[in-house]
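> Sequence:
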Amino acid sequence: MSRLASTFSALAAKGEKALITYIMAGDPCLADTERLVLSLDQAGADIIELGVPFSDPIADGPVIQQAADRALKSGTSMLKILAMVASLRARTQIPLVLMAYYNTIHAVGEAAFCQQAAAAGIDGVIVPDMPVEEAGPLKSAATPAGLDVIFLLAPTSTAARRTMVARESHGFVYYVSLTGITGAKLGDLGDVETNVARIKRVGRVPVSVGFGVATPEDAKRIARMADGVIVGSALVKRVAELPQDPGALDRILDFVRSLKSALVPAASQHEPALL
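Under this note's numbering, the first residue of the sequence shown carries the number 1, and numbering increases by one thereafter.
Honestly, the hints are just simulated from the structure, not real lab data. Hints are supplied without guarantee of correctness; some may be wrong.
Label pairs and their in silico Cβ distance ranges [what the hints assert, rightly or not]: (1) Arg257 <-> Thr143: 20 to 26 Å; (2) Arg91 <-> Glu241: 23 to 29 Å; (3) Ser55 <-> Thr163: 30 to 36 Å; (4) Gln42 <-> Ser9: 18 to 24 Å; (5) Arg161 <-> Tyr102: 15 to 21 Å; (6) Lys185 <-> Asp254: 19 to 25 Å; (7) Ser9 <-> Asp250: 31 to 37 Å; (8) Thr163 <-> Asp254: 37 to 43 Å; (9) Ala90 <-> Thr194: 41 to 47 Å; (10) Arg257 <-> Ser140: 37 to 43 Å.
Here are the computed lysine-lysine pairs in the DSS-like style, where the Cα-Cα straight-line distance is at most 30 Å [claimed, not checked]: (11) Lys200 <-> Lys185; (12) Lys237 <-> Lys80; (13) Lys220 <-> Lys237; (14) Lys80 <-> Lys139; (15) Lys185 <-> Lys73; (16) Lys220 <-> Lys14; (17) Lys185 <-> Lys237; (18) Lys185 <-> Lys220; (19) Lys200 <-> Lys73; (20) Lys200 <-> Lys220; (21) Lys220 <-> Lys139; (22) Lys14 <-> Lys200.
It should be emphasised that the depicted structure is a prediction, and the values quoted were computed from it without experimental measurement. From the three backbone atoms N, C-alpha and C, an ideal C-beta is built for every residue, glycine too.
Make a model of the complete structure from these sequences and hints.
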């Protein structure tokens with residue numbers, strides 16, 4: 001069982017939903033990303049997505065675009081991110097997923113990327129600009145390396161596409177809650193609930209919902225229908241304050257604790273002390 005699968009399984013046994021936090025690797029620098037990953041783990045994140053900076057991030061809104069720009073200016077590259085992850089693995093076992101545009105993988109080579117990512121300790125990869133129909137070569141390299149490939153679905157996805165993605169995804173399915181870019185306002189949850197239920201009917205891996213989740217209240221509403229809640233822009237916006245504000249880290253960690261608290265059943269938060 002992969003580290004992603006065992007995490008979802010353990011959380012389900014406790015009646016909890018997964019908190020998946022997204023940060024941009026290298027924003028403001030890789031040394032800070034390394035410290036942030038350890039801090040997010042301690043604050044309650046269950047899975048961490050590491051964005052790989054790219055000059056043309058078509059799925060991302062201004063907040064994450066600016067984070068990518070800062071990371072590129074700090075000299076971040078795919079290989080440097082993998083070296084950082086290898087260093088991290090001596091201190092944390094939290095599942096780590098790369099969210100990378102295909103060009104950044106192609107530049108390394110699919111086979112070399114999968115082997116090096118798995119060896120460093122990466123558990124899965126999300127490639128937002130790679131359709132499932134064209135992912136055969138990547139999956140052929142990822143599967144033997146032990147790397148989960150996670151595909152996205154959107155409100156506009158057809159029934160045939162939902163079935164294909166639900167069956168081809170490993171780790172989890174990433175459901176995009178709206179037709180737009182990251183950082184947009186959370187949309188109609190009736191549609192989200194309907195589509196998450198449809199995905200669950202045709203697949204066996206957990207379904208996580210991202211895009212537009214900005215508050216603990218948003219996370220709690222999403223958790224009623226999904227197995228995991230993905231928070232990106234709202235967190236990246238706070239990370240952008242780190243270089244100028246010594247109190248920013250405390251606010252980031254308080255925010256993550258409040259998100260996780262929204263995903264834990266009330267009974268688990270108020271268990272009586274044993275006598």
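> So which of those numbered hints doesn't the model satisfy?
Result: hints 1, 19 and 21 break, sorted rising.
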